[in-house]
Amino acid sequence: MSTHLRRMLLAACLAACAGAGAVEPDAAPPNEVQILYENALQAIAEGRKNDASDTLVRVIEKESLHAGAYLEVALVQCSLGHVDEAERLFAIIETRFDPPRAILELIAEARDSGCDEWQPLSATSVSVTRGLDMNVNQGARNPSYIVEQDGGQIELPLQDEFLPKHDNYTALNVEHTRDLTPNGLSGFAQYFGRRNDSLRQYDSDSVYAGVDSQYRFGAWPVRATGMVGFTALGGKLYQRQLQLLARTGVPLPLPSRMQLHVTGGITRNDYSTLTNFDSNAYDVLGQLSWRGDKVYASLNQGWQADHAVRERPGGDRHGYSTTLLARRALWGEVSGEISYSYQSWRSSEAYAPGLINTVRDQNTRVARAILSWPIARNQWLRLETRLVRNRENISIFQYDNRQIQLSWQWQDR
Numbered sequence: 001m002s003t004h005l006r007r008m009l010l011a012a013c014l015a016a017c018a019g020a021g022a023v024e025p026d027a028a029p030p031n032e033v034q035i036l037y038e039n040a041l042q043a044i045a046e047g048r049k050n051d052a053s054d055t056l057v058r059v060i061e062k063e064s065l066h067a068g069a070y071l072e073v074a075l076v077q078c079s080l081g082h083v084d085e086a087e088r089l090f091a092i093i094e095t096r097f098d099p100p101r102a103i104l105e106l107i108a109e110a111r112d113s114g115c116d117e118w119q120p121l122s123a124t125s126v127s128v129t130r131g132l133d134m135n136v137n138q139g140a141r142n143p144s145y146i147v148e149q150d151g152g153q154i155e156l157p158l159q160d161e162f163l164p165k166h167d168n169y170t171a172l173n174v175e176h177t178r179d180l181t182p183n184g185l186s187g188f189a190q191y192f193g194r195r196n197d198s199l200r201q202y203d204s205d206s207v208y209a210g211v212d213s214q215y216r217f218g219a220w221p222v223r224a225t226g227m228v229g230f231t232a233l234g235g236k237l238y239q240r241q242l243q244l245l246a247r248t249g250v251p252l253p254l255p256s257r258m259q260l261h262v263t264g265g266i267t268r269n270d271y272s273t274l275t276n277f278d279s280n281a282y283d284v285l286g287q288l289s290w291r292g293d294k295v296y297a298s299l300n301q302g303w304q305a306d307h308a309v310r311e312r313p314g315g316d317r318h319g320y321s322t323t324l325l326a327r328r329a330l331w332g333e334v335s336g337e338i339s340y341s342y343q344s345w346r347s348s349e350a351y352a353p354g355l356i357n358t359v360r361d362q363n364t365r366v367a368r369a370i371l372s373w374p375i376a377r378n379q380w381l382r383l384e385t386r387l388v389r390n391r392e393n394i395s396i397f398q399y400d401n402r403q404i405q406l407s408w409q410w411q412d413r
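So for the sequence shown, the working numbering puts the first residue at 1; every next one is plus one.
Treat each hint with caution, since some may be false.
What the hints assert, rightly or not - Pair ranges (Cβ atoms, derived):
1. E61 / E175: 36 to 46 Å
2. R111 / A367: 53 to 63 Å
3. V228 / V128: 24 to 34 Å
4. A297 / E38: 24 to 34 Å
5. G332 / P353: 55 to 65 Å
6. R328 / L274: 33 to 43 Å
7. D116 / A367: 46 to 56 Å
As the list claims (entries may be wrong) - Mimicking EDC-like on lysine to aspartate or glutamate, the simulated pairs with C-alpha atoms at most 16 Å apart in a straight line are:
8. K236 / D270
9. K294 / E337
10. K165 / D203
11. K62 / E38
12. K165 / E337
13. K294 / E333
14. K236 / D203
15. K236 / D283
Hints listed in this document are in silico derivations from the structure and should not be mistaken for laboratory results. In this text, a Cβ means the ideal position worked out from N, Cα and C, and glycines have one as well.
Please build the complete structure, drawing on both the sequences and the hints.
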């Protein structure tokens, strides 16, 4: 049982023993107090301890015999390192209420820890992957390109470097997150590197770092993220990226276990080795998800606008995306996941006037299947296969790909 869940159960037990459900003559309506209390518990779950403490104080001001609020705010003050305030609240709980033994043990544990200064939580995950990629370079599906010239057609064979090339690869992914403040601000860093056995010019390295913060505006939970990233290809800097995201839960009267989130983002892309490909991208994504006892399913629908900074081939482009995902426990602790995504992009201008006079219309389909099973504490093996079909009206950009990989994952949590 998690520490947070244990605290909630003990707080509910203390409230029941103390009769906290009774309302004093001048107390606020029970529904208002309960809403405040639930908001405080949500703030604790999201790591917003200062917000939680302020909200719990409001609960106590409106209902002075709310034992659960006293216990939660005392533990929050203890975790923030406010020894004197935590001890004052512990004493109130012990003298004003009749706490059961489990509550007294919880208070004793907090006192034994000394209510030291705030301790930031951190988490690290590592993944090592070995896989096979059937089209490392996204080589063209058709070995030749037909050009309309002087009322006729000329078939131009593509050079070997533009045809599909397969290779085995090894990949490493490391992620680390750490609380920066006691009120929901955290930092994160991620590294992803891939090394091909033979096609080393397509080796890649990516580094991302950023901050993440959670807020709540009434019934609207908001998560804001700022991130900067760098990608190298073949040992040379390829792309710089700056991204701002905001994700909010939409408080609609949805069926039980169903949630709706909307994410909006702005991304700046700068390319070091490509001319006139820099862009500013804007996207909005809606996610409808359902979580059962053994099944999780989601539907994502997104809309994107990618505006060229300079005279990029094809100019600006607009698109939309759809992703269906389902995850289910299969047998024992083994789980399976399948997903299907569709991405459409359409440019606003001819790709290369005089040579390729077509307005690019791109449609990409990706199907994926994963098996995951635990092998030790905090360790998993994941077998993943992926099928890509990229179809568009300019044949030299069409490509197919298949990948299969086996990963070992470890999480420190």
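Numbered hints the structure breaks, given as an ascending list: 12 and 15
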